[in-house]
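Novice: Please work from the sequences and hints to get the whole structure.
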Amino acid sequence: MRTLRAPGGPPGRWAVLAALVVLAVVMLFPFVIVTLNAIKSPAEYSSGGPLSLPQGVYLDGIVEFWQRVDFGRKLWNSFLISGTVALAAVVLSVLNAYAIGIGRVRGRLWILVFFLVANTLPQEALVYPLYYLAKQAGLYDSTLAVIVIFTVIQAAFGTYLLSAVLGQFPREILEAAALDGAGRWRTLWRIVVPISRPTLSVLVIFFFIWTWNEFFLPLIFLISNDNQTVPVALGVLQGDKMMDATMSSASALLGIVPAVAFFLIFQRTLTRGITVGAVK
Amino acid sequence: MARPARRGGGYWVYLIPSLVLFLVVIVVPFAMNVTTSFTRWSGVGTPTWVGLGNYAKLLRDERFWASFQHNVGLIVAMAVVPTIIGLVLAAALFDYIGRRFGTRTASALRAAYYLPQVLPVAVAGVVWGWMLHPSYGAVNQIFGLKVNWLGDSDIALATVMAVMVWFQLGYPVVIFMAGLQRADPALHEAAEIDGASWWRRFWHITIPQIRPEIFVVLLTCTIAALKVFGPIFVLTRGGPGSATMVPSYFSYLNFFQKADVGYGSAIATVLALIIVVVTFLFLRLQERDS
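Residue numbers (numbering that gives the first Met the number 0), protein chains in the order written: chain A, 0 to 279; chain B, 0 to 289.
What the hints contain is simulated information worked out from the structure, not anything from laboratory work.
Take these hints with a grain of salt, some might be off.
As the list claims (entries may be wrong) - Covered by chain B, per the in silico footprint, the following chain A stretches (three or more residues, Cβ under 8 Å):
| id | stretch |
| --- | --- |
| 1 | 32-40 |
| 2 | 158-172 |
| 3 | 199-205 |
| 4 | 244-250 |
Every residue gets a Cβ at the ideal spot worked out from N, C-alpha and C, and that includes glycine.
Specialist: Encoded structure:
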């Protein structure tokens, strides 16, 4: 309808589109280049350079890198840590938000401020004592320590967000449950949690991806090869002298694939969720 | 069972698990970090109390000041530039491309800008570490250059900043576009009928409508820039020299390589203080604004 005003549109509109498309190409360029060169042989790379099309799919670089770092193991570690953290942090957030949003406990404003501060504190200001305590407790270089720490860090944000959501929870439903004789514990699990499911699933996905993407604490806590996560394994090998051009490219591709896969699988939830955090 | 609820009374128990965990993971470690910052300690043996010694040393340490200057550069690259470009892109996609070429085109472009954001930031570093490698890296090969992007102390910080713009740009675009969907289209239409140019509408209508989103993006991105560690670790390790040193990497260095834990703790404490202050300033500003 709007286009009726200027049939065919002003010539400028194609220029705007072209500029935006060029920018999109620039943004996607590294993804394309990495993929292109991850499936080339080192000989092809040195003769044809990074822009030439591969003459077939050469998987040796990827396979060799995969075996050398035992990448399946890293995937499993990342998956186990992120999955456990996501679920545990949501449970913790729900318990807190139940007390704050629905129970309206005294001093809830200060409790929220506490969680907000806990969430914004840089990990650098916690890391050495955590490292020291973990060593004392025999939990250094164990996934358990990382799981506990990230559960707490993610729950700080989850509590903050979920308290606002549960603060809006319809009172009539709660009163009806109380009339039916449901105690608080039952009300939480039978009524509040099922009704809040959409928000909770957004949180699970976010916690999973955020934990997957973490680098600093896993770098310090998970030093043995058997415990490393995907970003740590790739990060510490970056620039390694043993890696040639195509193998470096293969390693980058192995980091990209799971991240992009999560994005595609959870796209709808994510685009909805990114804005949940922003609008509060 | 169904006692009439004492307001708030019994709900405290639900906070107990968090109370214990937060005490162990956040409160006690943070208190230990602050205490350690007043000592000289190698990580083993007994710390020696030095009072404000580490902080006095900080004030005289050129690397510390340089690391904060680099942090300012990263705030520009991760918060300021993406917000400005993101505003223009979001507005262009939303009420120009979306209307003239359809929402599918707009969504596809938005997804392209957002894609770098889905990567773990360390993996983004791995990607660019490879692209920018001085001998075999794709960038030098394609453009026939011999630039040592990350190894030349004159340009290393600028290179890292460019990588961070690439990484960060999609986030404001997505947030701002969502904000524009919330905004009232009638205002725009009225202004258009009055003959206001696209830029005037952008400045006087679009931006005021999504002010809350702009605040949130600036706050979260500024904090992310203050905390930045992964890309520095992967791309430059703070070097060459200390050309890309940032406070978080500087504290890491003191903790785990120089065994100067007291000094590292002081750096981390200052960083924490700055981040908390910045957060509260932003929130106050936002409150006053609305």
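Novice: A separate judgement is required for each hint: does it hold in the structure or not?
Specialist: Do the hints match the structure? See the list:
1. With 3 residues having a beta carbon nearer than 8 Å to a beta carbon of chain B, the stretch 32-40 of chain A meets the requirement of three or more and the stated coverage holds.
2. Only when three residues or more bring their CB closer than 8 Å to a CB of chain B does the claim for the stretch 158-172 of chain A stand; here the count is 1, and the claim is violated.
3. Coverage of the stretch 199-205 of chain A by chain B is violated in this model, with 0 residues showing a Cβ closer than 8 Å to a Cβ of that chain against a need of three.
4. Under the rule that three or more residues need a Cβ within less than 8 Å of chain B, the assignment of the stretch 244-250 of chain A holds, with 4 such residues.
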